[in-house]
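Q: Protein chains in written order, with this note's numbering: chain A, 1 to 268; chain B, 1 to 137.
No lab work stands behind these hints: they were computed from the structure.
Any given hint could be a false lead.
If you want the footprint, here are the derived chain A segments under chain B, 3+ residues with CB under 8 Å [claimed, not checked]: (1) 21-28; (2) 77-86; (3) 180-194.
Within a straight-line C-alpha distance of at most 30 Å, the following computed DSS-like cross-link-like pairs (lysine-lysine) qualify [what the hints assert, rightly or not]: (4) K240/A <-> K192/A; (5) K169/A <-> K98/A; (6) K40/B <-> K223/A; (7) K107/A <-> K5/A; (8) K107/A <-> K189/A; (9) K40/B <-> K169/A.
Glycine residues also receive a C-beta, built at the ideal position from the N, C-alpha and C atoms.
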Amino acid sequence: MSSFKTYDKGDVLPEDYKKALLNLMSFQADSEYAGAQRVAENHRFATRPEEAYRLSKKVFEEMGHAFYVWNIMQDLGVDVDARLFELSHNPDNPDPAKVNVINGFRKENWSKFFECWEDVALFSTVVTPAAVAFLGQYQNCSYLPWARVNVRIHKEEFGHLAFGVWASKRCIEFGGEKTREDMQRRIPKFMKMGLGFYGRPSSGDRKSQMFDIYYEFGLKVKKPEELQAEYLELLDSRLKEVGLVMPAGVEPDYDMRIGYEAEEPAAA
Amino acid sequence: MDVPGPERLIEAEAALLRRFGYSPFAGEEPDWPAMWELLKGDFATVARPHVPAYVEMTPWPREAARIYMRRRLVADRLFEECERLYLELHAAGIDTERVEAYTLGRDAYEDAVLDFGRARETLEEVLARRVDPRYPA
Chain A
1 MSSFKTYDKG DVLPEDYKKA LLNLMSFQAD SEYAGAQRVA ENHRFATRPE
51 EAYRLSKKVF EEMGHAFYVW NIMQDLGVDV DARLFELSHN PDNPDPAKVN
101 VINGFRKENW SKFFECWEDV ALFSTVVTPA AVAFLGQYQN CSYLPWARVN
151 VRIHKEEFGH LAFGVWASKR CIEFGGEKTR EDMQRRIPKF MKMGLGFYGR
201 PSSGDRKSQM FDIYYEFGLK VKKPEELQAE YLELLDSRLK EVGLVMPAGV
251 EPDYDMRIGY EAEEPAAA
Chain B
1 MDVPGPERLI EAEAALLRRF GYSPFAGEEP DWPAMWELLK GDFATVARPH
51 VPAYVEMTPW PREAARIYMR RRLVADRLFE ECERLYLELH AAGIDTERVE
101 AYTLGRDAYE DAVLDFGRAR ETLEEVLARR VDPRYPA
């Protein structure tokens, strides 16, 4: 792990550092809020009362993640209320000039992955481990207010992972072997998202252009390959717990961008 | 020997709690049978094709069902707390006080939802012991 200077609330930040930091934070915050909206749209699939209440609490938690990070961005001079307004008033098509929502959380990309409650359960079982690994690294980043907030977010993402495992087990409990087999077939579409979460490898022709900058600044502290290994370990253990098997030969979908490298120009 | 009747003992308990603001519920009791009809599907399984109606249950499973429904009502009130805090944030804007207040409301709602889940598990155990032998699959 490289060594880097840390900054706390009130410290003067170098301009290039601040720009990189706000890029990553805005993607996180704006996408968490959009993610909450997407999760709320999946309420229509909830089949039983407890499923409905647990999904409802997940919506409020994802919103909370956005609020935590926006609160810090506000301290750095960002008009976060304008971002909140844009997302809350244009949920189906927020303006990319005003907010930074990752492709995967835009409604037109997200909704096609969900056909039934089993998909909702599987998203939290198969994709959330990627979020746990990805966001987990920010707990050790160089901007300490953001690191502290990500300790809270990371803990709650583990709760979402637990929700996924609980919901998946319930699906199989009620639906039996037929449901288990159906869920097994659905895993690859979510696993592609999870594998693509961190962006491209940190070396070679397909390397992310921005990664080196974030890594030097201590805004990202783990390489994509490390995060992917962490993801696969978590995923394997959770799938076993549910009674499913991790499929082999699944390729990452980098273009879906459930995670973010923020290489394209971000909304200010 | 002056043995207190059952009401007198409870009155003594209530008097103690009244010192701290307790007052008996004066509103309308929920329609337990109707609420149960909307929730009982969660207990239908291949091994339990018939989930009894509220009025069909004996006191033991009926009480487990009432507690399960009471937990649900607590969750509903805390859902409304979250809703209020969420709308307030949107109206007034992001700031630390409101974000932390929202977090407290959201944590309380989470606890209530998990309590609702635990009550479901208790009810499931009681149904298995008390109801299933009466309505074999």
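Q: If a hint holds in the structure, say so; if it doesn't, say that too.
A: To see whether the hints hold, each was checked on the structure:
no.: 1; hint: 21-28; verdict: violated (count 0)
no.: 2; hint: 77-86; verdict: holds (count 3)
no.: 3; hint: 180-194; verdict: violated (count 0)
no.: 4; hint: K240/A <-> K192/A; verdict: holds (18 Å)
no.: 5; hint: K169/A <-> K98/A; verdict: violated (40 Å)
no.: 6; hint: K40/B <-> K223/A; verdict: violated (49 Å)
no.: 7; hint: K107/A <-> K5/A; verdict: violated (38 Å)
no.: 8; hint: K107/A <-> K189/A; verdict: holds (17 Å)
no.: 9; hint: K40/B <-> K169/A; verdict: holds (20 Å)
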